[in-house]
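Student: Sequence:
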Amino acid sequence: MNHRLFHVSQFVEASQFPHKRWVRWVYGICGLLGLGVVGGGNAVGWDQGPIRPVSPIQVRDATRASGNHASPPLTTITGRDGAPMVLLPAGEFWMGTSEQELAQLVRDCVQAGWRADRMACEQYFSDEQPRHRVVLDAFYLDQFEVTNAQFAAFVRSTGYVTTAEREGWAYAYVQEQGTWQVKDVVGASWRKPDGVEDIFQVGHEQHPVTQVSWEDAHAYCQWAGKRLPTEAEFEYATRAGTSTRFWWGQAYPSTRLVGNFADEAAKRQFPQWGFILSGYDDGYVKTAPVGSFERNAWGLADMIGNVWEWTADWYEKNYYAGSPALNPKGPLHGEERVIRGGSWHSAPQDLRSALRMWITPTVRTDKIGFRCAQDARL
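At position 300 of the sequence shown (counting the first as 1) the number is 300 in our numbering, and the numbers step up by one without a gap.
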């Protein structure tokens, strides 16, 4: 039995629960529970093993913001939708969670009380194992998450109607009876993520589009002559040549602004949140304009945080055990799709490069968006 499979009634974000880290469906209305506050200086070390250098490619210079890091040259193109895309080199990497990393995660889990006992904690991370070698061909990936302005251009061009618009509702994090809850909101859609404010009236054209189902994201990428990235491509792109817990290193961030997460800014508006990244303040309660924070070594923005992102893959808990090494594309069939990358609502433990989550493909929320990929024909 899949220990993470529940039937539909209400969407609840995992990081609200001390014993869950995935997105799940549950019967009834669950109360919000807080995780312990995590400090910004915690570091965890382990050896991920050697990784073969990526294949050499010819590149041209492209400017990017990268915090305190030197900017390597990038190869970029402009997609049919006007979005800049970065060429990610062919190469290999270690995908998933190593035994050493798992041991540390389990210790953290037991100490923080995320699950009932050690066995439950081990199960908690089990879909990230075994760590395995993956080899990928070169591909292009959108440098930024798809924005509201870009999605609006798609809708104007095609007359497309999203899942939320057809069904008349979507899930959103809203205030009700003095508390903030995830609710099914009548009238919520990509134009009005919370069912009230119009994105264009509040100046959110450059924020990532949300309230899009997997079908909606897939339709946009097809229109743009692209596709959704595979789960393996997403982790490869997130890591950007690193083998550390996070793409920026081993420690939770403190003053270094690497993304939009559940933090002090969110805590000021949502005082009941107990799972924030203590001492970190990205300045945004919910979504931020794409590219507002430090980019990874390959010039990609918001690979962790801002919004979860749809991938092409169906989810299977034990897929890594038999996954092909070359260009894995996920199971042939499934009931849920993989989402990656965390969101503005994500707790600190949800920021790791290896983190896997899944959700029913018809779901649309104010925490899920996407970006597109494209095969490289070199």
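Think of the hints as simulated: they come from the structure by calculation, not from any bench. A virtual CB, placed ideally from N, CA and C, is assigned to each residue, including glycine. Treat the hints loosely; a few may be bogus.
Claimed, not checked - Mimicking DSS-like on lysine-lysine, the simulated pairs with C-alpha atoms at most 27 Å apart in a straight line are:
#1 267 <-> 317
#2 329 <-> 267
#3 329 <-> 317
Claimed, not checked - Quick list of simulated restraints, FRET-style, between CB atoms:
#4 80 <-> 120: 26 to 36 Å
#5 254 <-> 297: 41 to 51 Å
#6 278 <-> 184: 46 to 56 Å
#7 133 <-> 168: 19 to 29 Å
#8 153 <-> 133: 22 to 32 Å
#9 278 <-> 99: 42 to 52 Å
#10 375 <-> 107: 25 to 35 Å
#11 317 <-> 118: 18 to 28 Å
#12 175 <-> 264: 17 to 27 Å
#13 126 <-> 325: 35 to 45 Å
#14 157 <-> 227: 36 to 46 Å
#15 133 <-> 250: 20 to 30 Å
#16 99 <-> 120: 32 to 42 Å
Student: May I ask which of the numbered hints given earlier this structure violates, with the numbers listed in increasing order?
Tutor: The structure conflicts with hints 1, 2, 4, 5, 6, 7, 8, 9, 10, 13, 14 and 16, although it agrees with all the remaining ones.
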